[in-house]
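There are 2 protein chains.
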Amino acid sequence: MICEILCVGTEILLGDIINTDAAFIARELASLGFASYHQSVVGDNPARLRAAIDEGLRRSDVLIITGGLGPTCDDITKIAAAEAFGRGMHTDLDVKRDLEEFFAKIGRPMTENNLQQAEVPDGATIFYNKWGTAPGIALDGEIDGKMKYAILLPGPPSECEPMFVECAEPYLRKFSPHTIYSLNLHLYGIGESGAEAILRPMMEEAVNPTIAPYACEHEVRIRVTAFADTLDEAKVLCRQTADKIYETDVAPYIYTETDTPDDAKNAVVLAMIAELRKHGMTFASAESCTAGMIAARVGDIAGASDVLLGGIVSYANSVKENVLGVPADVLRDYGAVSEQCAGYMAEGARRVTGADIAVSVTGIAGPGGGTPEKPVGTVCFGIADKRGTETFTVHFNGKNDRSKIRRLTVARAMMTVIRRLGT
Amino acid sequence: MICEILCVGTEILLGDIINTDAAFIARELASLGFASYHQSVVGDNPARLRAAIDEGLRRSDVLIITGGLGPTCDDITKIAAAEAFGRGMHTDLDVKRDLEEFFAKIGRPMTENNLQQAEVPDGATIFYNKWGTAPGIALDGEIDGKMKYAILLPGPPSECEPMFVECAEPYLRKFSPHTIYSLNLHLYGIGESGAEAILRPMMEEAVNPTIAPYACEHEVRIRVTAFADTLDEAKVLCRQTADKIYETDVAPYIYTETDTPDDAKNAVVLAMIAELRKHGMTFASAESCTAGMIAARVGDIAGASDVLLGGIVSYANSVKENVLGVPADVLRDYGAVSEQCAGYMAEGARRVTGADIAVSVTGIAGPGGGTPEKPVGTVCFGIADKRGTETFTVHFNGKNDRSKIRRLTVARAMMTVIRRLGT
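Which chain is which? The protein sequence lines are A and B, in order.
Each residue of the first sequence is one higher than the one before, counting from 8 in the numbering used here.
Each residue of the second sequence is one higher than the one before, counting from 8 in the numbering used here.
Check before you lean on any hint, since a few could be wrong.
[Unchecked claim] Derived DSSO-like pairs (lysine-lysine); straight-line CA-CA distance at most 30 Å: (1) K103/A - K381/B; (2) K251/B - K272/B; (3) K406/B - K272/A; (4) K137/B - K381/A.
Just so you know, these hints were derived from the structure itself, not from any lab.
With the sequences and hints as input, model every part of the structure.
Have a look at this one:
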């Protein structure tokens with residue numbers, strides 16, 4: 008079965024939003040074992056949308072369409088898809104009732120155009136939308152003598168992603184001949200080319216599982232991917248290959264493993280939380296340039312309250328001094344971006360929150376504020392626990408933008424906790 | 008002139024990377040005044056790539072192709088594009104010399120396959136690449152009796168983006184008859200369908216500028232887009248239309264305006280910072296469920312240090328009590344998720360940081376932790392300034408995931424500051 012993705016939205020054609028729906032769905036399709044040879048984007052124009060649907064259904068078996076399902080007159084995807092399958096439209100009473108209940112609950116009048124969302128193609132499978140108001144839709148039928156399938160999902164990623172996983176995947180799974188499983192090994196402190204140079208002989212020999220290095224912003228991932236008849240078999244294959252990777256020179260850089268895209272994205276924070284739990288320790292942060300990003304990333308993880316006590320965002324020097332207890336003469340003599348200050352910040356966060364371990368960051372994220380001695384990208388770190396306090400300075404590449412320097416700082420702070428607890 | 012974008016890369020089809028090239032180029036094309044009705048992605052397959060090039064050149068005047076220009080055997084874009092224009096290939100000696108110099112400089116032997124990057128279509132315009140090794144290429148010629156243009160750029164965003172700006176834009180500018188400008192009106196507290204119901208008569212009449220509502224996670228944007236010969240004329244047209252929108256019933260919901268995608272993304276925090284500056288006030292947060300996201304979002308904005316003093320992340324009750332001074336009996340009698348607690352949190356943040364205004368949030372972001380009286384999505388807010396302290400509770404839809412509830416909470420907290428200062 009060949010799948011392809013069609014995203015509908017003038018805002019994508021104008022570059023106002025980045026098409027993350029396509030990337031998300033592409034990844035999920037790959038993990039289900041479907042081939043995908045095309046992605047496309049069209050705007051809210053009926054003729055061009057219809058032509059794109061016809062073309063997608065001609066060259067692929069399953070066309071996944073996102074966007075254009077909402078209540079406005081620009082939302083024309085359902086009608087175009089129904090036409091492509093030669094279907095009429097009718098009102099789905101369950102969707103209509105859901106809409107009425109939704110507006111009653113939020114206490115806003117339901118305008119007439121909202122009812123458009125309850126119009127569905129005849130013979131369609133309806134995916135009720137728990138994350139928004141527009142339902143998803145699956146259509147199937149013969150076109151030019153071949154069975155074809157279309158799956159329509161809302162455009163906003165906060166609706167598209169969960170609806171793909173909860174509604175479209177179970178629908179698609181029946182067409183999938185085998186299972187793919189991927190295991191990610193996460194490496195910190197080595198580059199992609201360095202990892203690849205070590206693993207190249209293994210990579211070239213690998214058929215199933217395959218081995219692929221993948222450079223992320225702050226780390227390198229080695230993705231081990233196996234095909235098999237069952238998930239358990241695929242997992243065993245991946246485990247055997249991963250064990251061989253642990254026998255190579257990349258082993259000291261591997262800090263954790265994940266096997267879902269969400270966990271991979273959160274690998275550093277999940278690994279830090281796991282280390283804290285293993286040691287039964289609580290955590291706090293003292294943050295200047297990251298302004299709360301470290302604590303917020305821990306709070307992203309449901310159930311982190313057993314380790315996260317809190318943190319102090321000390322953006323202004325007055326807060327460093329008055330809340331965290333950084334001595335005024337340290338700020339005067341060494342400046343806010345100094346290891347001395349970072350050390351007091353970490354100790355202060357540990358003292359005021361009562362956490363077992365605290366990490367601090369204070370730096371220059373740019374684009375302004377750099378000096379010849381402390382250029383943009385200079386970040387001082389501190390870590391304090393019952394064994395004492397340590398500080399160090401990292402010079403991130405100042406050509407990176409503010410937001411990347413801050414994200415790299417967050418990852419480094421968490422890796423510092425992981426390695427402190429792991430040794 | 009109609010442009011379209013074709014991105015070549017199996018890694019995009021697999022979802023391994025997000026197609027930021029398309030979004031970047033789309034935005035630049037819009038700002039140059041080009042219409043763009045299609046984007047597509049194909050992999051490193053010669054037949055499918057050639058079919059996609061033919062289709063793009065059939066339906067548009069200018070086809071911008073990214074990716075597949077490198078040294079490996081998968082890099083087939085140049086040959087496919089040359090074939091589409093009926094051209095042969097030759098070695099460009101300047102590119103060859105650049106390659107040799109590049110490898111001499113980095114002290115690595117140049118493998119034979121690198122020379123493939125010096126092969127260019129006959130009659131092509133070459134864009135020398137200062138950011139990598141593969142040159143960009145422009146081709147023009149008659150296809151089926153019409154002049155058509157193709158611009159080929161490397162795939163990595165660090166090469167594609169500067170090469171588009173420095174090489175492709177000057178090449179394209181000669182075709183651009185006019186400029187596009189978009190003004191976004193940001194609305195809070197009204198849904199997309201509600202806004203559209205009010206604006207539909209204007210939307211239907213609008214030709215230039217056009218008016219389009221756009222639902223974002225926490226707000227609705229009305230995008231007013233004008234074409235004109237000059238940027239100034241386009242701005243005047245948008246202003247006139249925006250002024251008419253301010254005469255409708257959506258006016259009370261408009262909280263700010265932006266005119267770049269980056270500012271649009273940050274509209275709430277930029278509007279809050281602007282209000283704080285207007286009043287010469289400093290800001291702090293006290294955050295439980297958001298765990299630092301509010302302060303971090305303010306810190307995202309370069310130069311926010313004139314308003315952001317800092318914040319307290321009080322994830323644990325002990326931090327609410329010991330750092331923010333929430334009385335133990337309030338926590339015991341009303342719980343951490345209560346307006347009483349939120350009020351003390353906001354006052355505590357204001358007191359310990361010395362900020363002029365502080366906002367607090369304490370809630371249940373889920374998925375666990377909900378109770379019948381306080382289901383997932385219940386968030387209590389507090390705001391404290393010299394006029395006193397106010398608190399209120401919002402019940403976000405508990406079906407939303409943790410991360411969305413927290414993002415909605417951040418937006419609501421900032422809107423609370425904007426409206427408190429605006430009244």
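Here is how each hint holds up against the structure:
no.	hint	in the structure
1	K103/A - K381/B	holds (28 Å)
2	K251/B - K272/B	holds (24 Å)
3	K406/B - K272/A	holds (23 Å)
4	K137/B - K381/A	holds (29 Å)
Checked against the numbered hints given earlier, the structure satisfies every one of them.
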